[in-house]
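Student: Here is what each chain is made of, one letter per residue.
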Amino acid sequence: MALLEITGLKKAFGGLQALGGVDFHIDDLEIVSVIGPNGAGKTTFFNVISGLEVPDEGSIVFEEEEIGGLEPSEITERGIARTFQNVRLFPDMTVLENVMVAQHCRTHTGVWGALLNTPAFRREERAIEERAKEILGFFGTRLVGYRFGQPAYVLSYANRRRLEIARAMATMPKLLLLDEPTAGMNPKETEELTGLIKKLRDERGFTIIVIEHEMRVVRDVSDRVVVLDHGVKIAEGSYEEVSSNPDVIEAYLGRPAEAG
Amino acid sequence: MTARPATDVDWGRVRAWGLYGGLTMAFIAAIGMVESLDARMMVHPVLSLGYLFLLWAPPAFGYAAAYEPVKEGMAAPAKGARDLVAGAVAGLLAGAVFGLFIVVAATFDLREVFVKLSPVLVDLLTFGRGVGFGVATWIVLSTGLGLVGGLLHVLPERGRAAVFNALAAVFVVALLELAVVDVLETFRLEAVERFLYAPNGGITIPGAVVVALVAGFVTLRTTGGAVLRFRSRYAAMTGEERRRFGVRWGLVAIAGLVVFPMIVGGLTNELLANVGLFLLMALGLNLVVGYAGLLDLGYVAFFAVGAYTTALLTSPLSPTLKPMFRLDLLTVEGWVVMAIVIAVAALSGLVIGTPVIRLRGDYLAIVTLGFGEIVRILFLSDWLAPLFGGAQGIRNIPPGYLGPIKVAGTSPQTIFYVVTIFVGIAIYVAWRLYHSRIGRAWAALREDEDVAEAMGIDTTRMKLLAFVTGAILASFSGMIFAVKVGSVFPSSFKLIVSIIVLVIVIVGGMGSIPGVVIGAVVLIGVLGGPTQPGLLAEFGEFKLLLYGVLLVVMMLRRPEGLWPSVQRQRELHQEEFLQDAWLKTEAAQAAARGEAPS
Ligand SMILES: Nc1ncnc2c1ncn2[C@@H]1O[C@H](COP(=O)(O)OP(=O)(O)O)[C@@H](O)[C@H]1O
Ligand SMILES: [Mg+2]
Numbered sequence: 001m002a003l004l005e006i007t008g009l010k011k012a013f014g015g016l017q018a019l020g021g022v023d024f025h026i027d028d029l030e031i032v033s034v035i036g037p038n039g040a041g042k043t044t045f046f047n048v049i050s051g052l053e054v055p056d057e058g059s060i061v062f063e064e065e066e067i068g069g070l071e072p073s074e075i076t077e078r079g080i081a082r083t084f085q086n087v088r089l090f091p092d093m094t095v096l097e098n099v100m101v102a103q104h105c106r107t108h109t110g111v112w113g114a115l116l117n118t119p120a121f122r123r124e125e126r127a128i129e130e131r132a133k134e135i136l137g138f139f140g141t142r143l144v145g146y147r148f149g150q151p152a153y154v155l156s157y158a159n160r161r162r163l164e165i166a167r168a169m170a171t172m173p174k175l176l177l178l179d180e181p182t183a184g185m186n187p188k189e190t191e192e193l194t195g196l197i198k199k200l201r202d203e204r205g206f207t208i209i210v211i212e213h214e215m216r217v218v219r220d221v222s223d224r225v226v227v228l229d230h231g232v233k234i235a236e237g238s239y240e241e242v243s244s245n246p247d248v249i250e251a252y253l254g255r256p257a258e259a260g
Numbered sequence: 001m002t003a004r005p006a007t008d009v010d011w012g013r014v015r016a017w018g019l020y021g022g023l024t025m026a027f028i029a030a031i032g033m034v035e036s037l038d039a040r041m042m043v044h045p046v047l048s049l050g051y052l053f054l055l056w057a058p059p060a061f062g063y064a065a066a067y068e069p070v071k072e073g074m075a076a077p078a079k080g081a082r083d084l085v086a087g088a089v090a091g092l093l094a095g096a097v098f099g100l101f102i103v104v105a106a107t108f109d110l111r112e113v114f115v116k117l118s119p120v121l122v123d124l125l126t127f128g129r130g131v132g133f134g135v136a137t138w139i140v141l142s143t144g145l146g147l148v149g150g151l152l153h154v155l156p157e158r159g160r161a162a163v164f165n166a167l168a169a170v171f172v173v174a175l176l177e178l179a180v181v182d183v184l185e186t187f188r189l190e191a192v193e194r195f196l197y198a199p200n201g202g203i204t205i206p207g208a209v210v211v212a213l214v215a216g217f218v219t220l221r222t223t224g225g226a227v228l229r230f231r232s233r234y235a236a237m238t239g240e241e242r243r244r245f246g247v248r249w250g251l252v253a254i255a256g257l258v259v260f261p262m263i264v265g266g267l268t269n270e271l272l273a274n275v276g277l278f279l280l281m282a283l284g285l286n287l288v289v290g291y292a293g294l295l296d297l298g299y300v301a302f303f304a305v306g307a308y309t310t311a312l313l314t315s316p317l318s319p320t321l322k323p324m325f326r327l328d329l330l331t332v333e334g335w336v337v338m339a340i341v342i343a344v345a346a347l348s349g350l351v352i353g354t355p356v357i358r359l360r361g362d363y364l365a366i367v368t369l370g371f372g373e374i375v376r377i378l379f380l381s382d383w384l385a386p387l388f389g390g391a392q393g394i395r396n397i398p399p400g401y402l403g404p405i406k407v408a409g410t411s412p413q414t415i416f417y418v419v420t421i422f423v424g425i426a427i428y429v430a431w432r433l434y435h436s437r438i439g440r441a442w443a444a445l446r447e448d449e450d451v452a453e454a455m456g457i458d459t460t461r462m463k464l465l466a467f468v469t470g471a472i473l474a475s476f477s478g479m480i481f482a483v484k485v486g487s488v489f490p491s492s493f494k495l496i497v498s499i500i501v502l503v504i505v506i507v508g509g510m511g512s513i514p515g516v517v518i519g520a521v522v523l524i525g526v527l528g529g530p531t532q533p534g535l536l537a538e539f540g541e542f543k544l545l546l547y548g549v550l551l552v553v554m555m556l557r558r559p560e561g562l563w564p565s566v567q568r569q570r571e572l573h574q575e576e577f578l579q580d581a582w583l584k585t586e587a588a589q590a591a592a593r594g595e596a597p598s
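Protein chains in written order, with the numbering used here: chain A, 1 to 260; chain B, 1 to 598.
Keep in mind that the hints were calculated from the coordinates and are not lab data.
For every residue, glycine included, the Cβ atom is placed at its ideal position computed from N, Cα and C.
Heads up, some of the hints might be wrong.
Chain A stretches covered by chain B per the calculated footprint, using a threshold of three residues with CB under 8 Å from any CB of chain B [to be verified]:
id	segment
1	63 to 73
2	98 to 107
3	111 to 118
Pairwise CB distance ranges (calculated) [unchecked claim]:
id	chain 1	residue 1	chain 2	residue 2	range
4	B	Thr222	A	Ala183	50 to 60 Å
5	A	Thr107	B	Glu240	22 to 32 Å
6	B	Arg188	A	Ala120	51 to 61 Å
7	A	Ala127	B	Trp563	25 to 35 Å
8	B	Arg360	A	His25	33 to 43 Å
9	B	Arg358	A	Thr107	20 to 30 Å
10	A	Ala183	B	Ile377	50 to 60 Å
11	B	Leu176	A	Ala120	41 to 51 Å
The task is simple: from the sequences and hints, build the whole structure.
Tutor: Below, the structure written as structure tokens:
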């Protein structure tokens, strides 16, 4: 049984069919890339899975349970975390706090624990902080040390993207959804992140769906590639299969008038 | 720098500020402030609060006229004689405009429109010596004071601070007359009192001179940047040192809070008690607005719920409940009352919160405002009068007790102690929650609600939690209020209460506990609450005007509040912070390369 099994997923915005019946599945420890031209519905696909948009039709089954229509926080609690194409950190919280706050659904002390400062509360606070530091350590020295106490908005663009991944990791998901993680990065940073995506799976055990427009990254990380166009899946297979598929080439190149 | 001729003045600026100054003075006189506030002597016998409200204008506007905006990338303009000219001319202009106003007020009877333009006012403005003398005096005075404003601009930073502090000290000593006299009398220092204050109010001239000299001298002698130095010292402390520092000063503060009410009189205690009641509410609202970012304009509803619940439970005239509880906070019976107050407040928080919690920003503000009014109107309604007493309210609320000590409005000192205990609890609650996963969730919620939800935070639940916690703190304030006043009426719970509590939070600094404390002390202590007088009791009808002016000035000049929270400061000063961070990284990198920092 697949970790995530999606059938006939539809989502329309007014008259615009952003997703026109998409079937999709991903197995444990797979890395699947979702590609497609601008406006193909990739981000919408993520929004629907993560609960930010309610699907019109279709089913989303995660670990054999239907999650379509649940609140985003419930979906995250079940083990799906995401990053955003247009980086959305908590800009005025510190780097460390950004990662600490994401452990909310994995921790439990309530008002009384905090008020009475119980040993359990203190232990949990320490654990939260330690885990946050450990997760930030995943990105080498870029987000550690004096960075812990800096507000997120002072970070460089690439570091913001990294911090967003760290924040998603902190929710301790099984499935990570990365929306264009290399957008705006230079070639060197892109290459580094390619390595990190693989490490996320190999060392950390995350199953990953990644939306990516950088074909080199797609080639290097994906076990399987899914191509969307106008909200419809037009191809699926290995990178080689997909990149030589005439429909895909047409989707990207065949309509120069509509390129956007 | 080349010297600039004294005539090289930005005349447009001078004209504008002079005009504003004159119009401000005319406005203040025309709305009746001068006349009403004339009753309060500040410096005996020359300066009443009314005149003070006119006299601050020429120097302030003169200073503004002398000020030249520094343009990005240009050297700051040289200071010199031109500043004096600008200040004096602006003052002259202000005086002339004001003189014109006096002439008009004296010549025509405009009381049909401007009810306050009475002959008494004209008499006051002309010092009872005729229009000609009055106008001439104002022009001369205003020019002189404008010159002082310009002079202040020329002075170096330190000198300006000294003059400013000297004036501020005289003002504060005159302002605090009530409390200072109490303290002096407790310590049998009548001689000092006679030197400092005139028998029927106001600081004496020798007293003012001494106070000004002391304050000015102290400012000149201290090296400046004391706050900064304290901050860096505090930042350098280890956790253990910080804890010890906190405990030490915490104990000092507690001792001060216990002793102070004993050495001051009833009026000062009354004032302190009111400050405490509003502070308690403000701390609660700070959780909702400052931490969770939910703009609640109907907060007074929970204050009302706390007061009414207490009244229903304890008053013999309670229309609903016959068993009459004795509110003794040291007995089980008292705890039962408190538990019921808490439960009812929490429940009302849930009832009001649940339907509105999904709304955002402006919508939330409007709907909560509506709910606040609905609650008051329900208490007022004839329909529910059998339950809550309608417009008659509920009277005869008996005093509370702390064991053998009676806590009642007749002894504001006891009210102050009780309210201080609850304020302590509120501060503790806010502080603990802020530094927990709940506080972090609130911060995330405030920054970006959708992302917070997507990161696994149950935003509905967290918002309700903030709402309910805030409601409980307000209900405590309501409970003490009911005991203090001895009766509750719907008219005590108007929208204005919500607004004033919100202003306290904003002016003090959203999300900052010390800020909220300072905000409550300054606003409620000095200006007073909606119906409670402050130190400047004479303000009466002008209180709301001053609240408004203060709010506008703060929003323009210091939007993060008097004592901002770290996060608010970050939000509002991102550029500076970015630059700081950049400099720090540069320095760190330079150090790493083994270079000395330049
Ligand atoms: N909230 C929304 N409201 C209206 N239209 C939307 C919304 N979100 C996305 N769309 C539209 O749906 C289409 C797919 O968008 P998106 O999923 O962002 O594409 P991609 O990520 O593949 O570039 C676009 O035409 C976009 O304008
Ligand atoms: Mg997209």
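Student: Among the hints numbered above, which are violated by the structure, and what are their numbers in rising order?
Tutor: none
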